[in-house]
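S.K.: Top to bottom, those sequences are chains Y and V.
FYI, in our numbering the residues of the first sequence are 1 to 725.
FYI, in our numbering the residues of the second sequence are 1 to 226.
Simulated from the structure, these hints should not be mistaken for laboratory data.
Treat the hints with caution; some may be incorrect.
[Stated by the list, open to error] Quick list of the computed label-pair ranges, beta carbon to beta carbon:
| # | chain 1 | residue 1 | chain 2 | residue 2 | range |
| --- | --- | --- | --- | --- | --- |
| 1 | V | Gly173 | Y | Lys177 | 40 to 50 Å |
| 2 | Y | Asp505 | V | Lys104 | 45 to 55 Å |
| 3 | Y | Ser304 | V | Lys104 | 46 to 56 Å |
| 4 | Y | Asn482 | V | Tyr31 | 49 to 59 Å |
| 5 | V | Tyr31 | Y | Lys310 | 44 to 54 Å |
| 6 | V | Lys106 | Y | Asp505 | 44 to 54 Å |
[Said to hold, decoys possible] Which bits of chain Y does chain V cover? Going by a derived footprint, with three or more residues having C-beta under 8 Å, they are:
| # | region |
| --- | --- |
| 7 | 139 to 146 |
| 8 | 311 to 325 |
| 9 | 394 to 408 |
[Claimed, not checked] One-sided and incomplete, this derived list gives chain Y residues near chain V with beta-carbon spacing under 7 Å:
| # | residue |
| --- | --- |
| 10 | Phe227 |
| 11 | Lys230 |
| 12 | Leu231 |
| 13 | Ile411 |
| 14 | Val414 |
Note that this is a predicted model, so its numbers are computed, not measured.
Even for Gly, the Cβ is constructed at its ideal location relative to N, Cα and C.
Chain by chain, the residues:
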Amino acid sequence: MSLEKQELLDLKSKIGREPTSTELQIIAAEWSEHCSYKSSKKHLKMLPMTGPLVINEKGYDSGVLDVGDGYVVTAHIESHNHPSAVEPYGGAATGVGGVIRDILSAGTRPIAIFDGLRFGNIENDLQARWLFKNAVTGIADYGNCLGIPTIGGEVEFDECYENYALVDVAALGFGKKENLIKNHAKKDDLVVLMGGSTGRDGIGGSQFASDSLESEDRSAVQIPDPFIEKLIIEAVLQARNDGLIHAMKDLGGGGLSCAISETADALEIGIEMDVDKVHTRESDMHPDEIMVSESQERMLIVTSKTKLKKLEEICKKFRIGCSVIGRVKFDNQVHIKKGSKTVANLSADFVANATLLDLPSKVPDYLKNIETEKKFKPISNYSKTLMKLLASPNIASKIWVYGQYDHEVGIRTVVKPGRDASVLRLDNGKFLSAKIDGNPKHCYINPREGAIGCFEEACRNVVCTGAKPIGMLDHLQFGNPNDPEIFWTFLESLKGLTDFAKTFDIPCVGGKVSLYNETPKGPIKPTPVIGVIGLIDKKPSIQQKISKGDCLLIVGDTKDEMGGSEFFEYIHKFVGGKCPVVNFDDSKKNMKSVLDVIKNDLVKSVHDCSKGGLAIAVSELSMTNLIGCKVSLEKVPGEKLDIDRILFSESHSRYLLVCDKTNLSKIEVILKKNKVSFKQIGQFGGEKIQFFNGAKPVIDLNVEKTHKIWLHALPNLVLHGKKSV
Amino acid sequence: MKVGVVVFPGSNCDRDMYHVLTDVFHFDAQYYWHEKGLPKNIDAVILPGGFSYGDRLRAGVIAAHSPIIKDVQKMAKKGIPILGVCNGFQILVESGLLPGVLLKNKSLNFMCEWTNLIVENNKTPFTNQFKLNQKIPIPIANGEGRYYVDDDTMKKLKKKNQIVFRYSEVVNGSSNRIAGVCNEDGNVVGMMPHPERAVESEINPVDNKPSSLIFESLLSKIGATK
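Bound conformation, chain V alone:
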């Protein structure tokens, strides 16, 4: 099953994501440069982390105007699973595919550390293998990772079950400790922490199984491998 990894100028987790998709979970992954279109027969799209356009103006805002985003929007509408990680999440938010904004962390610093997520919605294509409230040890690495929405949107997010992941404790000042959200249909998911950095036991100092379920969820959603 085909998974597209979108590459913007300045993406820097694209190769990590590609390695995990192909070598660990045996997806048929392909890179797609931001100026190209996405083929119609693609089964899932991932926007990896990094510093697209050097985070100029605001993280993700320039990449959100890349030609490829039109195709991503079309696929989102068609219900194809789309995951944005870190800068990918910021781009999804800036392109209007997900609600909210990502502000500078409360510490005003870039933060790289291991933390824990709690699964709040296990119905999305990236969380269907989790139990509700399951804990995921995972690293974050961002400067603008504080998720923010106004009170009305927050009410809506809760009502439509759009909060996918929350931090188990206060990390960066996010509204309601939100770490990841989805669109109303649940097929577009954005998250600040990096699952691709947590799925291999060699580099995960805690437990690599929970984060692996993110990719196993996708496997179960779009079927087995190449």
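Chain Y on its own, in the form it takes in the complex:
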């Protein structure tokens, strides 16, 4: 239990007596960092959270966006880092389950899952390999069974995650606006616990997640059961259709303690409940255990006496548990009883609102000289370097991962995973595009610019499908916030995200903060992960097959920004240099121009230029279309740079456009009109990926051979321990 001394004193002085053991457990769970956001909440308010499309209602666990014609999209992001680092299969699976229930609790059907996975260096760290393999299986087994497509995400490996794992899960929901749950309660309404039984798994999970991971406390990890979750989804949606739900909340971190106190606080009511009424997995559970168990697949529903019978019938149909555990009162108290005996009685407002902290921050020492570059040995063979990068775990194709996820179920997936962003069709004829992105290598060097870069990259990916960004999810993952240097990196990232969100009018519709991400070797690199949701009003730009003679254009300048690049870190094993910085004006112009070009049906394919730089982005286009490409490096717009910089700099705001020759002049007209920096830099055809410096090819690779290596490098490494290059 991790209640601070001061917090214990506050508790005692507030209630004017010694707290009971149940009260201590409830408070410890609810005031944990995981549930209370006590270190971050004060600062999170800086993010813009409103906008013309945002629907804000009390008690929602997910963000709600109006997508027109009476429909809404809901979105949320969560992580399950601590559990996944100990038990990757169950940790990752229950991570999916939790975020799905957040979507469900607004009254919308979950329609997509995204997952961002981060582990140590799988090239030499066998544990990282084990964590990775099992986290992927956990997500696959859970999401596939639910019949919710996993349509996107990212996978990254970095030594800072040694012995650890970051498992982020984002989900989207869809439904009719009129079906949104309007959280409310009347006096004497009933509080119902629906779903799986309450057991001893996940006890103290939220406190476990609010400390540095020292002991591998497996009992704090929840046990997944996707079958029960699937039944809950169907039962809840039926109950919603029948108008049986007054208010609803999912049971996640902190279990019943948090669900009861947060519901009471949000609705400004009191709840009296009896632990004896909770359907448990074991007969001899203590009230304290029942209150903080984080057993999965449970929902708390407030309904009326007259509606209860119908709700019970639905639960009976799906054979899921349904217990009336309490009732609504108007005393604003959380009153927990065991039979007739009171075991806890606290004011809801007091429980649900931990004293917020204002932690000190200080510029980290390590940043002092981080931008100084080292002299490197010149690269003698760039073909080999590119091949090595294409086979590197961070850049190699992730088809081995998303091929294990059902990404078609629900028959909405228009643009499948493996592209820039995935696209779903909606029932109102519009299309939804979404992507999550992180970049700890950039964020380590510059937490502010790195975080902005993640945000812009996610926007770029969505823009590549022709969608306009309408909402953002942020997931801020850092080490121990009590270290002022770490807290400074948190604040910097948050400020950067806020600036970008405000400038681009993209409201933050949901988010999560995960702190205390520490490994035996120290804190993780700052790892904000940003999800961006975009909307396409009419037919999305479906990528067309690239054919011989098609032109390759680049929009945006390439700059000398090698810090945190895959080239520096993977090839030169060097951490440092200047990381890419987003120029807001250029970013806006480029985004708008690319959307214009797509809207006018002038391009065959649009691809974002990011990890690994131009060389990787061009190779990806060539490989996925199995066609060669000749690129002239001296034509690449931007300051005059050495060829390694042009090839591998990860400068932001860059897009690759592929078009038929006949459309070239029309595209140029639009780009010139918008005053963006662009150039035709190459042409497709043949069987080779070639980059020319003047008349001399500096890179010359066979497409088919390169494609094979890129495609199989990850499974070769994970399954057979074999490096491909």
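Since the structure of chain Y is provided, determine the placement of chain V on it from the hints.
M.R.: Chain V only, in chain Y's frame:
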């Protein structure tokens, strides 16, 4: 014409199938919960994909003991067209309506990818509009999709023309690359790939016409729409 879509606890392609039947091909489709019976006047039955009972014990084995299966068996005997897709195929196999078993894929992983089928039997109610050996681009999504039968049964399948679909190349290690089979009478068909995910051009990256013929075959068999 009435088509029943059977829903088990854990079915998750039921709504997709229903959408395709009603909105794309204009059948008069109805859901039937696994505990209920099927009405006598039904013209075809479809068992959709998903994870009935969370694939516990073995995919499809618990659902095969659902009350509704007795009615499905009766209808099978009467010659009514019955199609099982993915988990539906697994249930038909487990309930003895179709021969063989479905084992874990050779990769030991769940596999979601687009592949091609070859039509081997164009006499069933779900394939009568195809030419023999016609190619169908279609996605698979399963963990236990490797069809297996012993040598004797394989000989029988071939002799009685019970192999309906084969993969155009090795996908998951199925015996003889089998992707779908039928019973001896040809009215009960099971297939691992998902035709309901391939009939709309918006979500089919290759060609939606071939897979549409599966539903058009049923239309031609049981007559026009509602």
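S.K.: Now look at each hint and say whether the structure bears it out.
M.R.: Status of each hint after checking the structure:
no., hint, verdict
1, V:Gly173 <-> Y:Lys177: 40 to 50 Å, "holds (48 Å)"
2, Y:Asp505 <-> V:Lys104: 45 to 55 Å, "holds (50 Å)"
3, Y:Ser304 <-> V:Lys104: 46 to 56 Å, "holds (48 Å)"
4, Y:Asn482 <-> V:Tyr31: 49 to 59 Å, "holds (55 Å)"
5, V:Tyr31 <-> Y:Lys310: 44 to 54 Å, "violated (19 Å)"
6, V:Lys106 <-> Y:Asp505: 44 to 54 Å, "holds (50 Å)"
7, 139 to 146, "holds (count 5)"
8, 311 to 325, "holds (count 3)"
9, 394 to 408, "holds (count 7)"
10, Phe227, "holds (3 Å)"
11, Lys230, "holds (6 Å)"
12, Leu231, "holds (6 Å)"
13, Ile411, "holds (5 Å)"
14, Val414, "holds (6 Å)"
The structure fails to meet hint 5 from the earlier list, while all remaining hints are met.
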